[in-house]
Amino acid sequence: MSPDRAATVLVVDDEPQIVRALRINLTARGYKVITAHDGTAALKAVAETKPDVVVLDLGLPDLDGTEVIAGLRGWTTVPIIVLSARGDSADKVQALDAGADDYVTKPFGMDELLARLRAAVRRSAVAGSDGAEAVVDTGSFTIDLAAKKVRRDGREVHLTKTEWGVLELLVRNRGRLVAQKQLLHEVWGPSYETESHYLRVYLAQLRRKLEPEPSRPRHLLTEPGMGYRFEV
1 MSPDRAATVL VVDDEPQIVR ALRINLTARG YKVITAHDGT AALKAVAETK PDVVVLDLGL
61 PDLDGTEVIA GLRGWTTVPI IVLSARGDSA DKVQALDAGA DDYVTKPFGM DELLARLRAA
121 VRRSAVAGSD GAEAVVDTGS FTIDLAAKKV RRDGREVHLT KTEWGVLELL VRNRGRLVAQ
181 KQLLHEVWGP SYETESHYLR VYLAQLRRKL EPEPSRPRHL LTEPGMGYRF EV
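full-length UniProt numbering applies: residue 1 is where the sequence shown begins, and numbers increase by one.
Hints in this document: simulated from the structure, not taken from any laboratory. Among these hints, one or two may not hold up.
DSBU-like mimics (lysine-lysine), calculated; alpha carbons at most 35 Å apart, straight line [unchecked claim]:
1. K106 x K92
2. K149 x K44
3. K106 x K181
The following label-pair restraints were derived from C-beta to C-beta distances [to be verified]:
4. A21 x A119: 15 to 25 Å
5. T49 x P16: 16 to 26 Å
6. G30 x E231: 18 to 28 Å
7. P212 x V135: 31 to 41 Å
8. V104 x R155: 18 to 28 Å
9. V93 x R155: 47 to 57 Å
10. S215 x R73: 25 to 35 Å
11. A115 x E193: 34 to 44 Å
12. K50 x R218: 26 to 36 Å
13. V157 x G87: 40 to 50 Å
14. H197 x R20: 36 to 46 Å
15. V232 x K44: 39 to 49 Å
16. V135 x V93: 44 to 54 Å
We put the beta carbon where it would ideally sit given N, CA and C, even for glycine.
Based on the provided sequences and hints, a complete structural model is requested.
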């Protein structure tokens, strides 16, 4: 974040009084505030506006907040502060495991929230941008990481949940080698880390669906004996 630019905060909550209170308090302290009232709008807003911090309620009308966190973590490292009435430790663990950076329980003190917000902005500024984009266009097909959709020749390509898991992990690490063991661990689970034949099958399926010439892939590349690499 540039030092001469005010930090942008996306507030995601379906309670108008909470949104209004946060907008007033954050604006008064120099933040630029954007709001969304459900999970779908939140995912779209992050992709379009690239805020510096997201303040997220878990109890949204369309998606659970943990689904929103998981959707964002598919392509961005933007700090996420959960602001929720769910005070149970299991809910906190679930949100943090999904990728949230902090958790504040309602009712909350504004001073505490502002302190955590400042800390999140500092961490974000130190870490810098990861350069991730929500939409990746290869010229052959387009991947929308926020919407979890792929389009080729103007049409949506149906991918199974597992195919998407493999593709998403490769795209998030585009240009870098992803080891076979890492792919198997993250997509199938730790008990599948030696089942490398799964990867051959699913990469072949993805190439048939996405590559202009599946037998001569340009984007979904194999590094023999090591793993796979995604190139734009």
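Each hint tested on the structure:
Simply put, K106 and K92 have alpha-carbon atoms about 13 Å apart, close enough for the 35 Å limit, and the pair holds. Using a Cα cut-off of 35 Å, the hinted pair K149 and K44 holds, with the two alpha carbons roughly 13 Å apart. In summary, the hint linking K106 to K181 is not supported, as the alpha carbons are separated by about 41 Å, beyond the 35 Å threshold. For the pair A21 and A119, the beta carbons lie near 20 Å from each other, so the given range of 15 to 25 Å is met.
Under the hint 16 to 26 Å, the C-beta atoms of T49 and P16, about 21 Å apart, fit the expected range. Between G30 and E231 the CB atoms are about 41 Å apart, so this pair departs from the stated range of 18 to 28 Å. Hint check: P212 to V135, Cβ distance near 19 Å, so the stated range 31 to 41 Å is violated. The given range of 18 to 28 Å is broken by V104 and R155, whose C-beta atoms sit roughly 43 Å from each other.
The supplied range of 47 to 57 Å is broken by V93 and R155, whose beta-carbon atoms lie about 40 Å from each other. Range check, S215 to R73: Cβ separation about 34 Å, and the 25 to 35 Å hint holds. For A115 and E193, the hinted distance range of 34 to 44 Å is satisfied, since their beta carbons lie about 41 Å from each other. With their beta carbons about 28 Å apart, K50 and R218 fall inside the hinted range of 26 to 36 Å.
Between V157 and G87, the C-beta spacing of about 42 Å keeps the proposed range 40 to 50 Å intact. Between H197 and R20 the CB atoms are about 56 Å apart, so this pair departs from the stated range of 36 to 46 Å. Checked against the hint of 39 to 49 Å, the C-beta distance between V232 and K44 comes to roughly 23 Å, which is inconsistent with it. Separated by about 32 Å at the C-beta atoms, V135 and V93 break the suggested range of 44 to 54 Å.
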